[in-house]
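*Asks:* Those protein sequence lines, which keep their order, are chains A and B.
Residues in the first sequence are numbered from 16 upward in steps of one, following my numbering.
Residues in the second sequence are numbered from 16 upward in steps of one, following my numbering.
Accuracy of the hints is not assured; some may be wrong.
Unchecked claim - Subject to a maximum C-alpha distance of 25 Å in a straight line, what follows is the list of computed DMTMM-like cross-link-like pairs (lysine to aspartate or glutamate):
1) LYS167(B) <-> ASP214(A)
2) LYS167(A) <-> ASP214(B)
3) LYS78(A) <-> GLU154(A)
4) LYS231(B) <-> ASP218(A)
5) LYS167(B) <-> GLU212(A)
6) LYS110(A) <-> GLU182(B)
7) LYS78(B) <-> ASP59(B)
8) LYS126(A) <-> GLU137(B)
9) LYS126(A) <-> ASP58(A)
10) LYS231(B) <-> ASP233(A)
11) LYS231(B) <-> ASP214(B)
12) LYS231(B) <-> GLU109(B)
13) LYS231(A) <-> GLU109(B)
14) LYS231(A) <-> GLU172(B)
15) LYS78(B) <-> GLU49(A)
16) LYS231(B) <-> GLU109(A)
17) LYS231(A) <-> ASP233(B)
18) LYS126(B) <-> ASP29(B)
19) LYS167(B) <-> GLU205(A)
20) LYS110(A) <-> ASP180(B)
21) LYS231(A) <-> ASP218(B)
22) LYS231(A) <-> GLU175(B)
23) LYS78(A) <-> GLU49(A)
24) LYS126(B) <-> ASP160(A)
25) LYS126(A) <-> ASP91(A)
26) LYS126(B) <-> GLU212(B)
27) LYS167(A) <-> ASP218(B)
28) LYS231(A) <-> GLU182(B)
29) LYS110(B) <-> GLU182(A)
30) LYS167(B) <-> ASP218(A)
31) LYS78(A) <-> ASP59(B)
32) LYS167(A) <-> GLU212(B)
33) LYS167(A) <-> ASP180(A)
34) LYS78(A) <-> GLU49(B)
35) LYS231(B) <-> GLU175(A)
36) LYS126(B) <-> ASP164(B)
As the list claims (entries may be wrong) - What follows is a list of derived Cβ distance ranges for each label pair:
37) GLY65(B) <-> SER77(A): 31 to 41 Å
38) PRO99(B) <-> HIS209(A): 40 to 50 Å
39) ASP58(A) <-> LYS231(B): 53 to 63 Å
40) ASP41(A) <-> LYS231(B): 44 to 54 Å
Hints in this document: simulated from the structure, not taken from any laboratory.
Beta carbons: idealized from backbone N, C-alpha and C, even for Gly.
Protein chains: 2
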Amino acid sequence: MATGFHDVSDETIDVPVAGARREILDAAASCFFERGYSATSIDDVARRLGSTKGRIYHHYASKADLFGDVFKTGMDMNFRAILPEFSADCPTHEKLARMARTHTRQMIETKPYQRAVWEGVEMHIRSAAKPGQRSTLTELLAYRDRYSDLFKTTLSECRENGLLDFENLSIANQVMFVALNSPLFWYSPEPGKHRAELDSVIDQVVAIVMRGLGYKGDLTS
Amino acid sequence: MATGFHDVSDETIDVPVAGARREILDAAASCFFERGYSATSIDDVARRLGSTKGRIYHHYASKADLFGDVFKTGMDMNFRAILPEFSADCPTHEKLARMARTHTRQMIETKPYQRAVWEGVEMHIRSAAKPGQRSTLTELLAYRDRYSDLFKTTLSECRENGLLDFENLSIANQVMFVALNSPLFWYSPEPGKHRAELDSVIDQVVAIVMRGLGYKGDLTS
Chain A
16 MATGFHDVSD ETIDVPVAGA RREILDAAAS CFFERGYSAT SIDDVARRLG STKGRIYHHY
76 ASKADLFGDV FKTGMDMNFR AILPEFSADC PTHEKLARMA RTHTRQMIET KPYQRAVWEG
136 VEMHIRSAAK PGQRSTLTEL LAYRDRYSDL FKTTLSECRE NGLLDFENLS IANQVMFVAL
196 NSPLFWYSPE PGKHRAELDS VIDQVVAIVM RGLGYKGDLT S
Chain B
16 MATGFHDVSD ETIDVPVAGA RREILDAAAS CFFERGYSAT SIDDVARRLG STKGRIYHHY
76 ASKADLFGDV FKTGMDMNFR AILPEFSADC PTHEKLARMA RTHTRQMIET KPYQRAVWEG
136 VEMHIRSAAK PGQRSTLTEL LAYRDRYSDL FKTTLSECRE NGLLDFENLS IANQVMFVAL
196 NSPLFWYSPE PGKHRAELDS VIDQVVAIVM RGLGYKGDLT S
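So that you can see chain A by itself, here it is in the shape it has in the complex (with noise of 0.2 Å):
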């Protein structure tokens, strides 16, 4: 069934790391996301945990390995939240609107990780890894598609229902990721109002993204 598409499952997806590497990650993703991967050093990540280089060093051997192990945390969060999801037993449009909703309260919600995801993909088509770790990265690119095809089989199954409307997959699915993740750039949640307001403007992320993909039905969450 839909759950073991390409292998991904709730027994292949790891869960979340937590306790002492989760704050040393924690802390990593506030200075990958505030500086940018090349800016930060493992001295700006010990400063913001309060504590040594060794700590740090004890769980990862270098920059490259800490920010691999953000990636692939960001990646496992988005797993976690999309799989119930992505195996619903709902009609397939709904399935895409929920995907699309939980994907993008993801990227407000676990933003530092996601913004960690977003420079590694960058990275990756500047090809500006250095060549030990390309191998890491590619793995991680890797990780990273395996979620994508959850979207495209999902679009792909909408489209064959005549419940979506476009021409090219990737590009869709190209184009539906980058809106979804867009408030990653230019929304942060102003404390007190954030709940109603936090699900509007999902709302009307989604609302915009499924209509661009051709769907014409009626979108309340």
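Take the given structure of chain A and dock chain B to it, following the hints.
*Replies:* Chain B alone, transformed into the frame defined by chain A:
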């Protein structure tokens, strides 16, 4: 009239630089594109240029200055391309579609410059800029906002005329820009079948965006 909006007109927008400075900018844009701002040095740019650092320092006091001029030139190119469309005498939705097409073409045809603009925006969001850089970056962002306002005005007119249907103008504008910019990250024209493929990619992206914003009409370019 429309062209006078926010003092943006052919008279107030610089012609993109040419000649010796343009050669430096082309080399710098390629380097920033491949490595990102932090990881690029003036040495890298000189090497790409097959020249000495002195030639660069003759025109630019620092890497930040050089980056600023790449950003500025990328926006000059966009303004020059979009102003004729913005002041075209045609139905509003047609004007928007033409502006969207032209903008997307710019992203593909002047990609290294546009990636620098994107990175400048990211640096601004991150507050990654150093104090000295910050005021230049703020000015550049304001220049980009004037460009974005041309689209915002057109979106708003379309909605008033009942041609588009979206909730929040700023959100619609942001999602639109990110989607139109997205080929920066996923499209590299294959040599040979360049022209027809390029046109098709642009048409597909613009179709998704226009429909996403609520346009229900025909979209033949």
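*Asks:* Against the earlier hints, flag every one the structure doesn't satisfy and list their numbers going up.
*Replies:* Violated hints: none; all satisfied.
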